[in-house]
Amino acid sequence: MAVRAVLERRAQPGRRRQPGRPARPKAREQAAGWAFVTPAVVLIMLFGVVPIVWSAVMSFQRNNLFSPNTPFVGLANYRQMLHDPVIAQAIGHTIVYTALFVPGTMLVGIFLAVAMNRKIRFISVYRTAAYATMAISTISEALVFIWLFDPSYGIVNYLFHLVGIPQQQFLSSTSEALYVIVIMTIWGWTGFAVVVYLAALQGIPQALTEAAAIDGAGRWATFRRITLPLLSPASLFLVVWLTINALQLFDEVYLSTQGGPLNSTTVLVYYLYQQAFGGANFNFGYASAIAYFLFVIIIVFTAIQFRVGRRLVHYRS
Amino acid sequence: MAAPITAATTAAPVTPAALPGRHRVRLPFSPWHLVLVPATIVLIFPFFWLVITSIETPAEALRFPPILTPHHLDFSNYTQALQAAPFGRFFINSAVVAVTTVVANVVMCSLAGYAFARYRFLGRGLLFALMMTTLMVPFQVTMIPQYIITKWLGIYVVGEFGLNHIGALIVPNAATAFGVFFLRQFFRTLPIEYEEAARVDGANRLVVFWRIVLPLAGPALSTLAALTFLDSWNNFLWPLIAVNQTNQMTLPLGLATFQSAHSTEWTLLMAGNVMSLIPIMIVFFAAQRYFVRSAAATGLTGI
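If you read the sequences in order, they're chains A and B. What the first sequence shows, in this note's numbering, is residues 1 to 317, in sequence order. What the second sequence shows, in this note's numbering, is residues 1 to 303, in sequence order.
Among the hints, a few may not be true.
Listed next, with one range per pair, are the computed distances between beta-carbon atoms [unchecked claim]:
#1 E160(B) - P205(A): 49 to 57 angstroms
#2 I204(A) - G159(B): 43 to 51 angstroms
#3 R211(B) - L228(A): 43 to 51 angstroms
#4 P166(A) - G159(B): 15 to 23 angstroms
#5 T189(B) - G279(A): 49 to 57 angstroms
#6 N263(A) - I278(B): 46 to 54 angstroms
#7 P85(A) - L27(B): 51 to 59 angstroms
#8 G164(A) - V96(B): 46 to 54 angstroms
#9 H71(B) - G216(A): 53 to 61 angstroms
#10 E160(B) - R224(A): 56 to 64 angstroms
#11 I204(A) - P28(B): 42 to 50 angstroms
Read the hints as simulated data drawn from the structure, not as lab findings. Think of the CB as a built atom: it goes at the ideal place given N, C-alpha and C, for glycine as much as any other residue.
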C-alpha cells in the first residue's frame, strides 16, 4: 500500500488553494466534511493509527498475554534480537528469498509480456492463462506446489527421473526448501507482473519502435535501447512492490514447511508469527520489536530503490 | 527487418535488411507461438494437475510413473472432502466477508475521499496525514494491537465483531487508508464545475455526491472494488490469527486447516482445493477486465 501512495502522490503534486476563496471554511462545510470522513476515519484510527503507536510501546515492554503486568524493559527486546540465532537465520533467509524472487518474477513477467504484446491468434488464451495466477490464493497455490514437489510421488521428481536427475527431497531438504518456495511464489506472481508490464508496453507508441527499425536497429537493439528504458518506470514499481511483498513472505511458508526443515525456511514474518501466536507464546513484546525491525528494513529497502531508481528510470514526458 | 529477404545471397551487399547466408524458414504461424505455448503449459499445469489428482483414486495418485489421464472420473474425493470439512460454509463465510468488505470500503472510502478532495474543514490536513502514515506500515506491525482491540471489541462492545466471528474479519478492513487516498486522488481529477452548478441549482451535498460525483466515479470505484475483493478473498494471516472455530473460517484458512488434518491424502486435498478455487475463478473470469485493470492501475501510476 505504501508504494501506491508514494507513487500517486508523486504523480499528482498537490494543487494550491485557489486564490480568492475565503480563508475560513463555512460552518456547514465543516460539518459536512466531518460527517463524510468520520466513519472511515474512526475505523482507520482504531485499526491503523492506534496499533502503530501501541505496538511501538509494546516493543519496549515485557508483554505476553498471561503476565498480569507489562513492565517497561527499555531496549531489552531489541537487544534480545541481537543474540537470537534464529533471527539471524530468518534475516538471511528473507534476504536470499527476496534476492531470488524479485528479479525472477520480473524476468518472467517482462519476457511473457513482450511475447504477449502482439496481435496473434489465441493471444487472449495465453494472456488469460497468465492472469489466472492472480486469482489463486497463496494457500491454494502452496497446496498444489507441495503436491507437485512431493519427494516420493510428485510429478517434478518424475520429470527429473525422465531426464536422469536423481530424486530430490525438495521441501523436506534443508538446502532446497527455500528455492521451492521461490519457484511457487514466482508462479503465483506471474500474472501480476505480466499485467503491469503489458500495460506499460501498450503505453509505448509504435512510432518509436518503428522509427528505430527504420534507422536500422535490430529487434534486440530496439528492445534494449527503446523498449527497456521506456519500461523502466514499471520496472521500478515492480522492484519496490515485489520487494515489500517478498519481505513479508508468510503464507507459503506456513502451509508448506512451517519454517522447517531445521529452520531452513524460517523467514522474518514467520518467526514473528511464531513468537506472537505460534504455540502458546503470546510473546507480544518481542514480536512487536521484530515487527518494527521489519518495518525499518522495508523503509530502508524502499528508500534505496527509489534513490537508485531515480537515476536509472527514464521518463517520457 | 522491413525489407523481404532475398533468396540469392551470393553477391548481395551486406545491408541490415539482407543478411547473407541465413536462410529463414517461414513458419505458417507467428514464431511467438513457439514461446507462448510452452510458457502457457507451464502456467496452466498446476491447475491441470490439481484437477486431475482430485478425480483420481488414492492408489492412482500415488502411481509412479504418474497417470496423466485417469481412466474414469471419480468424484468420491469431493463427497469425502465435503464430509471431512464444511467447504460450503467456508465459501459462504468468504463470500459474506468479501462482499461486505467491498461494499463498506466503497461507501466509506468514497465519502471520506470526496470530503478530503473537496471540502475544507478543521483538522483535514492532520487527519489526512495521520491516515497516510498507515499506508507505509506493514500489516505485521499493526496485527498484534489489532488482535487485542478485536478481542476487546468482542467482549465489551459487539460480540459479533470479536475474535472467532467473521465480523472480526470484516470490521478492521471495512475502511482502508488506501481506499480513501485512491478515491481522493480520483475525485480531484474530476472537473468541479458540475458539482458547483448542481449546488447553485439548490441540490444539497449528499445529492451532489450521489447523483453527480458517484456516476462519474465508476471506473475508480470498480478498480477499488476489484482490489478489495481479491485482497479480502485471499487474505490468510489475519483470519489465521483471529479465527479458530471451523464454522467461522474463510476458504484459505479452512483449506489450510483441512490440509493439516489430511496432510498426505492428496486426492482429498486436491478435491478441497478445487472446491475452494472454483468460486474465485468464476468471479475472476467474469470480471477479468476489472481485475486486470486494477492490477495495471497500481503499476501505471508512474514513479
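Hints breached by this structure: 2, 4, 6, 11
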